[in-house]
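Participant: Each chain is listed here by its residues.
There are 2 protein chains.
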Amino acid sequence: MTYAAPIADMMFALTEVAGHPRDDDTLPQILGQAAKLAGDVLAPINRAGDLEGAVLENGVVRTPKGFKEAYAAFVKGGWNAVPCDPDHGGQGLPWTVATPVAEMWNAANMAFALCPLLNQGAIELLTAHGSPAQKKLYLPRMISGEWTGTMNLTEPQAGSDLGQLKTRAVPEGEHYRIKGQKIFITWGEHDVAENIVHMVLARTPDAPAGSRGISLFLVPKVMVRPDGGLDGRNDLRCVSLEHKLGINGSPTCVMAYGDNDGAVGYLVGAKNRGLEAMFTMMNNERMGVGLQGVAIAERAYQQARDYARQRVQGRDVSGGKPGSVAIIRHPDVRRMLLTMKAQIDAMRALTYYTAAQIDLSKGGADAAARAAAQARVDLLTPVVKAWNTDVGCEIASLGIQVHGGMGFIEETGAAQHYRDARITPIYEGTNGIQAADLAFRKVVRDDGRAMNALLAEMKDDGLSGAALAALEKATGFMLFAGKANPALAAAAATPYLRLVGVVAGHWMLTRQARAADRALRDGAPAPEGAGPEFLALKIRLARFYERNILPQAEALETAVTEGGDDVATLDDAVL
Amino acid sequence: MTYAAPIADMMFALTEVAGHPRDDDTLPQILGQAAKLAGDVLAPINRAGDLEGAVLENGVVRTPKGFKEAYAAFVKGGWNAVPCDPDHGGQGLPWTVATPVAEMWNAANMAFALCPLLNQGAIELLTAHGSPAQKKLYLPRMISGEWTGTMNLTEPQAGSDLGQLKTRAVPEGEHYRIKGQKIFITWGEHDVAENIVHMVLARTPDAPAGSRGISLFLVPKVMVRPDGGLDGRNDLRCVSLEHKLGINGSPTCVMAYGDNDGAVGYLVGAKNRGLEAMFTMMNNERMGVGLQGVAIAERAYQQARDYARQRVQGRDVSGGKPGSVAIIRHPDVRRMLLTMKAQIDAMRALTYYTAAQIDLSKGGADAAARAAAQARVDLLTPVVKAWNTDVGCEIASLGIQVHGGMGFIEETGAAQHYRDARITPIYEGTNGIQAADLAFRKVVRDDGRAMNALLAEMKDDGLSGAALAALEKATGFMLFAGKANPALAAAAATPYLRLVGVVAGHWMLTRQARAADRALRDGAPAPEGAGPEFLALKIRLARFYERNILPQAEALETAVTEGGDDVATLDDAVL
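First to last, the sequence lines map onto chains A and B. For the first sequence, the positions run 1 to 575 when this note's numbering is used. For the second sequence, the positions run 1 to 575 when this note's numbering is used.
Just so you know, the hints here were simulated from the structure itself, not pulled from any lab data. Virtual Cβ for every residue (Gly too), placed ideally from N, Cα, C. You may find that some hints are simply not true.
Covered, in the sense of this in silico footprint (three residues per stretch, anywhere, with C-beta under 8 angstroms from a C-beta of chain B), are these stretches of chain A [unchecked claim]: (1) 115-126; (2) 258-269; (3) 331-337; (4) 394-402; (5) 450-461; (6) 513-521; (7) 530-540.
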């Protein structure tokens, strides 16, 4: 149950697909150092974290053995600050660097990595919407990791539909008093940092109903004095922890705000505009969860591959070797490993590519370039989130299957990845929500401009064939149905998103294969670690994907264009 | 977390697809009584069984609370005897009756149902291969359920490749002394019956190496006197229980035979022919596991559907209803439910159809009919096992997804189905083994006769189109590659099996839809509970499947015919 960060694969995707400069000498150093922390510190406590779980005792959450020390090492290494604003102590590194680094944390120990993931979202939020005083007081220590941040959205009656939330915020002088209950709060309470900065959605007394009456509040666990020193506890507590299928090392809290006088909270941004502000952060988190899909798949793959190399069972079907052989020799096992590896490469490249577009959307040469990059990010974020995580779960399942009977035994570790992965299609907006976001907000409302720009770029890259035609046809259908018959478009949204993912993955692997081909044939430069066998594998993976995964595109197109009618017209009482 | 057996769906599949007589008045009675036991007794202890698990203490396995009483009720109801030989106390009912009944046990409580499932396999084995004295002594009480049977195949170094097994059997007078360790023994030790009859594979001292030197032994937990009375304990014990991903209510044992003088065992059938005998039983078990795929999918579906009816969240996209609506109104949720339901119907019909073929293979009008039915059973058994269980896992995953965040919380129950289901593609021969069995033993070795007969019957039933053409083309490829390039055929076996399953499911739903259409339009007779809405849903499910699932056939054909090359020629050192 070890983890070795696939640095050569990461570097190749970064420089050959995402456009990260090949001459960035700091990149291999940073990745190498992160790989060390991930492999030596975080991965070894992953299984123990699952077994022991986070525990609530007398209102205090105790994280599993080793998590506190690992978090201290994480903070000490400055890893929390990688992508953050240098004005407040961040390193200001691009997302193309922060993304592979975060992939390592999530692959090594997803339950642990959720803590910095949520903190990062809170930092983004405060950076974009906080007042100068709020930034000055909170950001430096959130960025260093001394304090952590959380997102408090969900309530029992308000999950996908946040407009239903009921938590109240009553003004009192310069601050508000918050009262209400929040559920599913990841790392809502813990013992790895001295303070927790909760980002809480709530309603003020005069707020309009629905999603237009939601404001955002900063609610510290421990009150912070104007000089930055810590004061007494705020009126909030963790009431209980959820018993979950996976990510047991991470505390998922029911939080009670204001059982007594009301928790002191500070308005962030404009009143009644909290949901908009939260969405800034949620896009960040959605990329982060999509990255978890890659990460957990990579971890499952490494474990399955290593097992397949050492487990000896059965004869070589091609008769190449006498006697029993390692099961990696069996074609069915090799097919499973290639199915995992090809899709991991595709997902990773798409995620890094999208991260590079985020960088471009901020630092692009001109306004047009920045706008085009932002449009691409908006379009691909739900795809990265949902496609990666659906495929990530499938890959974790293959990881079990490669192990045979041992895969079902918890000590083996494959089952943990399968359990951990299963949250990713659910949180930060279910994959159904992502599909609706893609269909309605990113394609229909945009009149297909961003999607057509993507299709044009794929064609410029030489892509053609039935799969691309399928995506074009399905896009046309979504544009039509989205306005003419929203229920039909909604019924088609999930296969449409999958179709976009399948074709985008093909696009990414084609880019990788071409770069590999150039390096192999013409001696074009390739990143460190990319020897001839590595490059040949990239070409093989692209071809494997084209023949084994990409053909799904046409089936998905049929599901999009013909499959929704029976969904939309169903009288559900007969089910 | 209730379970209501879908009796109308079962009846419809039995009479309209599997050919069970419509005028069998006992069928609704039997199903009704079984449904009562499943819903009232077995389903309520399913969650507790998962939480508590089976526990080993001082060599004694304690089953979870309620299991002992439930098993007593099961035995008292005579349910164990349903398909068994009347000569030894069985009810001699056909597999078309035994199969829906067993579906109920597995849907209600899969961990519990494994006990009678394994017992049934042992009964089959002894009925087919035991001596008259062995049958007389053991069968009546195994058939009544007073004693239970187990299968002891796997050893640490011998899983899929049983030829590697090392357990020894040394002759001593009329019996043998068995020494060795067996792992993954389902219900190998427990407290619900007074004796356990272990069916154990082992080698005699003079046995040839490999799979041709394996014999089968009956090894009772408690020695049985010639008069049937119980004597002292045999030299065998449960050493430990596995910690598993799911089916925690069922003890999965490491068994030690002969720690002292050697366990007394009795040869069953001919020496060195144990593997052949075991395969008789394994086909039975494989059908049983395929049935578990349907059962757990049905359970997951019912839970998801019921949750979707009561959970209120979000607006109706078609604007039909003001305010928040139950999520079953959302097209994406309806698509998930239809994806579950359509495939469950397809899998159930294929399983019942194959069960009917088993009945025909034994009781068909003439030798030709019996042989044709047996060939169909041989062909479809690996499909029922592997396709049902792969799809069953996918459906259990959709079951979680319908619940959103609540699906990840163990108390909800959806996660247990997901965990329980995951064993089914693994045990009784992994699905990779099933695919190889289909490809090499059932298609290639048979020169495609049984598969061509199936294709011809599908055409006679009016099936046509791209999916059928895809199956024909893929079959032609397998016949060619199976002889010319076995590694290529082995690489294509898994998508080939899936393709057979997808098309066979379409065939089954087409039969159902036609029967429904006849009943609706022409007033043809339909089973009880099949009202106009029920019949219309059958037609809708077939159409939904045709548009959303069946198009995968072409993608799978490409994977079969083109996808294996990169698998077969891979140098796995580069992975």
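Participant: Confirm or reject the coverage of the segment 258-269 of chain A by chain B under the rule of 3 or more residues with a beta carbon closer than 8 angstroms to the chain's beta carbons.
Facilitator: violated (count 0)
Participant: Within the assertion that chain B covers the segment 450-461 of chain A, do at least three residues meet a Cβ-to-Cβ distance smaller than 8 angstroms?
Facilitator: violated (count 0)
Participant: Can you confirm whether chain B covers the segment 115-126 of chain A, using C-beta to C-beta distances below 8 angstroms and requiring at least three such residues?
Facilitator: Per the Cβ count (0), the hint is violated.
Participant: Report holds or violated for chain B covering the segment 394-402 of chain A, Cβ cut-off 8 angstroms, minimum 3 residues.
Facilitator: Holds: 3 residues of the segment 394-402 of chain A have a Cβ under 8 angstroms from chain B.
Participant: If you look at each residue in the segment 513-521 of chain A, do at least three have a Cβ nearer than 8 angstroms to any Cβ of chain B?
Facilitator: It is violated, with 0 qualifying residues against the three required.
Participant: Are 3 or more residues of the segment 530-540 of chain A near chain B, judged by a Cβ distance of less than 8 angstroms?
Facilitator: Three-residue rule met by the segment 530-540 of chain A, so holds; n is 5.
Participant: Please check whether the segment 331-337 of chain A has three or more residues whose CB lies within less than 8 angstroms of a CB on chain B.
Facilitator: Held - the segment 331-337 of chain A has 7 residues with a Cβ nearer than 8 angstroms to chain B, which meets the minimum of three.
Checked against the numbered hints above, the structure breaks hints 1, 2, 5, 6 and satisfies the rest.
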